Amino acid sequence: MSQVTAKQTPFLLKPRVKQTLFLSLLSVFAAIWILPLIWMFSLAFSSNEALQLNTNSLTPIDPTVSNLVGVIQGGLTPRWMLNSVIVTGFTTLFTLVLSAMAGYAFARIPFRGKKIIYPLVLAGLMVPREAMFIPLFLMFAEADYHNTYEALMLPRIAAPLGVFIMTQFMAAIPMEIEEASRVDGASRWRTFWSVMMPMSVPAMTALGIFTYILTWNDFLWPLVSATQREMFTITTGLASLQGNFAQATELGSLMARGVVASLPLLILFFIFQKQLVRGISIGSGGK
Amino acid sequence: MASVKFDKSTRMYPGGTKPAVDQLELEIADGEFLVLVGPSGCGKSTSLRMLAGLEEVNDGAIYIGDRDVTDVAPKDRDIAMVFQNYALYPHMTVAENMGFALKIAGVPKEERAERVLEAARLLDLEDYLSRKPKALSGGQRQRVAMGRAIVRKPQVFLMDEPLSNLDAKLRVQTRTQIASLQKRLGVTTVYVTHDQVEAMTMGDRVAVLKDGLLQQVASPRELYDRPANVFVAGFIGSPAMNLMQLPIVEGGVQFGDVVLPVGKDVLDKASGPKVTVGIRPEKFEVSEHGLPATIDLVEELGSDGFLYGRSQIEGADVNLIIRTDPHDHPMAGDQIHLRSTAEEVHIFDTESGERLN
Amino acid sequence: MIKSMRRHWLSIALISPSLILLGVFVYGFIGLNINISLTDEVGLNNNDANFIGFENYIKLLDDPRFHIDIFNTIVFSLTFIGVTLALGLGLAILIDSKIPAEGFFRSVYLLPMAVSFIVTGVVWRWLMNPATGERTSGLNLLFDVMGLDFLINQWHLTPTWGMLGIAVPAIWQMSGYTMALFLAGLRGIPEEVKEAARMDGATEFGIYRRVIMPMLKPVALSAVVILAHISLKVFDLIIAIAGKQIALDVPAIYMWQTTFDAYNFARGATLATYILISVALFVIPYLIVTNRKEKV
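Residue numbers (numbering that gives the first Met the number 0), protein chains in the order written: chain A, 0 to 286; chain B, 0 to 356; chain C, 0 to 295.
Hints listed in this document are in silico derivations from the structure and should not be mistaken for laboratory results.
Certain hints may be false.
Unchecked claim - Between beta-carbon pairs, the in silico distance windows are: (1) VAL200(A) to ILE51(C): 52 to 62 Å; (2) PRO201(A) to ASP126(B): 39 to 49 Å; (3) THR202(C) to LYS17(B): 32 to 42 Å; (4) PRO89(B) to THR202(C): 38 to 48 Å; (5) GLU55(B) to VAL192(C): 35 to 45 Å; (6) TRP192(A) to ARG66(B): 48 to 58 Å; (7) ASP199(C) to LYS102(B): 29 to 39 Å; (8) ASP199(C) to VAL171(B): 55 to 65 Å; (9) GLY112(A) to GLU55(B): 19 to 29 Å; (10) PRO217(C) to ARG183(B): 49 to 59 Å.
Since we're looking at a predicted model, the values are computed, not measured.
For each residue, glycine too, the CB sits at the ideal point set by N, CA and C.
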């Protein structure tokens, strides 16, 4: 295919030359792109002592797993991981359910005021978190509610992105399917639950991964709301240790924390990569 | 099983100026196969969807049996529908697709399985029950959609262009299967199509719609032999009927150099000095006298031959199609004369388009 | 009538949880924030704040630190958005040209997206180590070894233009995402359109310029808005790389320090409102454009 079309193409480069050029360009970029992560991993597996002399190797120096073991056993890192898992898990779950519900209503049920409400939801997509921060902080402070899981989760469930993705997706499901279900005797609710929800699994998977990554990596709100060390999430916890490594005394340990903090997401990323890409294209509206 | 009755049913879309279906009056007998046919936008699908309860009825009423279902939800109408794109649930297997309605109705699991299997046997789908729609061919999907309707044992089947996504050969095959299945099950069926061949071959009766208005309801033969107006005359039959406007003269209408005899009682009903004369392609006769025509093109189809020609009538070119013997016919470029017998022509009022004879 | 009432009840039931959360936590709090910004509220549990109108807003406009913040934000946003868009588009075009191991390249470029800004900061802080001489390390060492000495620089410690150094890891992180956006857009262009252009005699370059680019415009628009939004999150990155230095100050850090270090809530809220206004300048035109095209 490609050869046939390329032959007719009045392009400056021969197909093979072009492909080699493209491939080498991509490879160079790929090398640059992967370098920081390789570096993080190699430092994480190097001993702290060796790193005081040399931090430039791309392979572990004096390889050891003591840094990782130290992270997992010592300090509050396991607790921070647990916090992150709990907060992220529930936030994702609630976001999925609420977004699917709202998405169905916006996509399929005609109701008054939809033309006003939907743009308001979309606009919410873009509101910077700083704009709600101070009253949010003050309100939770007044209610003595900081340093709880609820405080970490609640403000983030309101995810307009989810409503947007689910609305886009459900609007694209053929109307006939829903009509078939109604003729088959299903109520609106049943149609939503037994037909539309299962059909939306691809979009919900994508949205789930998206939400999970964003929530896991979130920094600002946990930084403000969780002030007790036991309630830190992995991101704020990691940042709180940041000041200690200026002299590179514990660089290996620090990188090990980076690895531990990223690993759950990297694994998730490799398992669900396809769905994530799909989610990006639904979210961009350029399906 | 039940009869169906549209009683002045009207559907007006919000923001529209003209009703999509205008005071439809139609009665469908118990067990009858009725086809709704017409060009796109004629309101045939809307009528069907009104009967299904998917489209609101703005005025008039709809009855299934003796029951007024005008405001009844689709699920409570005891109907089943086959959609144009089949609308199979992609996340369910064939068996689950067919059993979904029964499941919702609370039919016990065993009875459900039994009825699904029974329908699958009828449609030759037994081997595919555990597959998902994605893994089926177009024809198989179509049968699953049929199966989903049959399993329900509904009072009425509704079918919305169920064959339009099949290739030509499969369409002809499935056409006869559906018709014979319907005869066997004896369920009242309303079938929508834009294809007049489908309408003529499948329906006990055919209802022709145009612009939301019912034009004629009749058996296929009557529709062909006695179309009620110019629209039906031109729509039903392939190739289409030849229609020409001819002046009324003493004893009939002027037909080239001869007079086509038409009864005075018929012509007296005409509103103007001309009438529209309709002649089917097979009712023309090539002769020495009559309407002069030039042949442009000849099609030989083996069993039939068709001549495509032109005739000057009252200073304007009129295209004509004539069916002839495939082996013995005039050639392209030939000048011929055409005649027809009085019993074979259809006379319509030029103004209203209504049938006069 | 009853039918439509029932229909409404269901939609209300389905939508209200999202709307309540959104109404309270987004719109409600924006209102509260503006309310606070119009007072002189300082300190926790302070209930006798006075309404002082736009005083905070006016004061801030004369604040030299705020000027630096605006300059830094503009430098960062323009660099980050511009380079990320260009790289994302370039990579998407390269990957879209029927290259072998397409999936591999896509994963590599997308990978940084799964890493948080904090971890990114930790790693890049060391990659962008500004130390010289004996202690040269990270990217500077790499440049040194490769003989690209002219590329060696102070990164985020460069006077005035330190934000350019901060933009580097941000670009690294978001280029893959932008690439995925463009790739989805490219894949959405039917092959026939390109073939038709070829039949019309367009060169490969001409096809990109005259056919593909115009069709990618909506995707590019979405990408700009998303990146503009993400560029606000630079807060995390600066904290992780540089701590709170005035040379790398942005409104978010100023706001954070004012609010949570100095407990000057009113001024913090004012900064927050300015941030909101700057985003709105981007987003409102975008929403108007998309809303005109899309019908719900």
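Against the structure, the hints:
1. VAL200(A) to ILE51(C): 52 to 62 Å: 53 Å, holds
2. PRO201(A) to ASP126(B): 39 to 49 Å: Given range 39 to 49 Å: violated, Cβ gap about 28 Å.
3. THR202(C) to LYS17(B): 32 to 42 Å: At roughly 51 Å between Cβ atoms, LYS17(B) and THR202(C) fall outside 32 to 42 Å, so the hint is violated.
4. PRO89(B) to THR202(C): 38 to 48 Å: With a Cβ separation near 42 Å, PRO89(B) and THR202(C) satisfy 38 to 48 Å, so the hint holds.
5. GLU55(B) to VAL192(C): 35 to 45 Å: 40 Å, holds
6. TRP192(A) to ARG66(B): 48 to 58 Å: 29 Å, violated
7. ASP199(C) to LYS102(B): 29 to 39 Å: Because 55 Å falls outside the window, the suggested range is violated.
8. ASP199(C) to VAL171(B): 55 to 65 Å: About 40 Å separates the Cβ atoms of ASP199(C) and VAL171(B), which means 55 to 65 Å is violated.
9. GLY112(A) to GLU55(B): 19 to 29 Å: 21 Å, holds
10. PRO217(C) to ARG183(B): 49 to 59 Å: 54 Å, holds
Of the hints listed earlier, those the structure fails to meet are numbers 2, 3, 6, 7 and 8, in rising order.
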